[in-house]
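Could you build all of it, start to finish, from the sequences and the hints given here?
First residue of the sequence shown? That's 1 in full-length UniProt numbering, and the numbers climb one at a time after it.
Since the hints were derived computationally from the structure, they do not count as laboratory data.
Ranges of calculated distance between the beta carbons of each label pair, as one might list FRET restraints:
| hint | residue 1 | residue 2 | range |
| --- | --- | --- | --- |
| 1 | 112 | 58 | 30 to 36 Å |
| 2 | 268 | 24 | 27 to 33 Å |
| 3 | 85 | 61 | 33 to 39 Å |
| 4 | 92 | 263 | 32 to 38 Å |
| 5 | 61 | 110 | 29 to 35 Å |
| 6 | 42 | 262 | 26 to 32 Å |
| 7 | 110 | 183 | 24 to 30 Å |
| 8 | 2 | 353 | 54 to 60 Å |
| 9 | 75 | 263 | 30 to 36 Å |
Being a predicted model, the structure only gives us computed values, none of them experimental. Glycine is no exception: its CB is placed at the ideal position from the N, C-alpha and C atoms.
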Amino acid sequence: MAYVIIGNSAAGIAAAEGIRQQDKSKSIAIISDEPHAAYSRCLTSYYLGGEVTEAGMQLRQDGFYTNMGIDLRAGQKVTCIDPDSKKVVMEGGMKIAYDKLLIAAGASPKVPDLPGLSSSGIFTLRTLADAKRIAQAADKGNKAVILGGGLVSLKTAAALRHRGTDVTVLVSSNRVMSRTLGETAAKMVEEQLGDLGVTVITRSSVKAVEADASGNVSGVKLENGELFPADFVVVGKGVRPNTGILEQAGLVTAAGQPVSVNRYQETRLEGVYAAGDVALTYDILEERYVYNAIWPNAVEQGKIAGANMAGAAKVYGGSISMNAAVFGGMSIIAAGIGQPQQSGFRVFEERNSKQRSYQQLVVAENRLAGYTLIGDTARAGLYTALIKSRQVFKSVDKLVHCCNRSYVTLSSYG
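Now the structure itself:
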């Protein structure tokens, strides 16, 4: 094969399209351990909630792989790569030769080291298969406990409530989405979840998952002794990159480490590229490589990697952090720096309690560094463009005027 892509999601599909824009004829193989065509992982919670169908999650139209001349090897697992012989080693021993290789194998949910997590009835939500398993559990039992207050946990909670499940979310920090949202925005999200019927318990330190005599989950116990009964538990504690297949090649020293790439998305091995949730990405605001595993970044990195695999020399411009979701009709988008800790930042906010909308800007050196939008998200595209362009305004007032909102100064750092 001229081009081999490990991974059939955002980065892998974008890379195949990037290759075809440069090279119309050479062979492309996409290897995926999932048994079906590409779908949008962003929609798995909405599928769980019955808001979209499996067909509605399809990432590309029927015939995509055939029309693009792609050999899709679905339901097949890669065990390692052999860069010396330029071959991918499959489970069972089969080897596939490549001229250029892209690692776009994505990530897997982190599972904390807690007593009882080996019990029956413990789930994570990452794949379509995960969503189907959780749906089956919800059909059998009516009480769910979700561990974690991040975006995936909250989307899962909303989805399960949409199914009629009794949901409790246990959050170790003092608010939901604590790494992304400030207190005002987080409070609004918690109130919205409460209106949906979700119980959110903050500052809750989990001690163990309890099980009955048959080994089935029966509840979650906190350090303070409080017990929350549960028919099943969903763990939402972030993700770790699927880089175990890269250990033998020396690209990572341990499974779960993101792989380093340059601005062309190439690893230190010539002809081997990486994109999406397996890779470190250059952060525009922090001006360094960080782990920023989100869908839009994966798509952009995949496009760059694919084009460069086919002979281009395109530079990846860099990423920013971003989260987006809809909770029962309330839209939320947060991007860039949400909670500045160091000096030199000013934070502006506008809140409309009647319309349940909220907007926050984070400004540094007369440039937009971050924003949070709840309710009215129409300006997300503008704000994202301002952050990525690093446009400098003559004054903070000019910047705020450009954003055309009646912001007030919330706080100032330094």
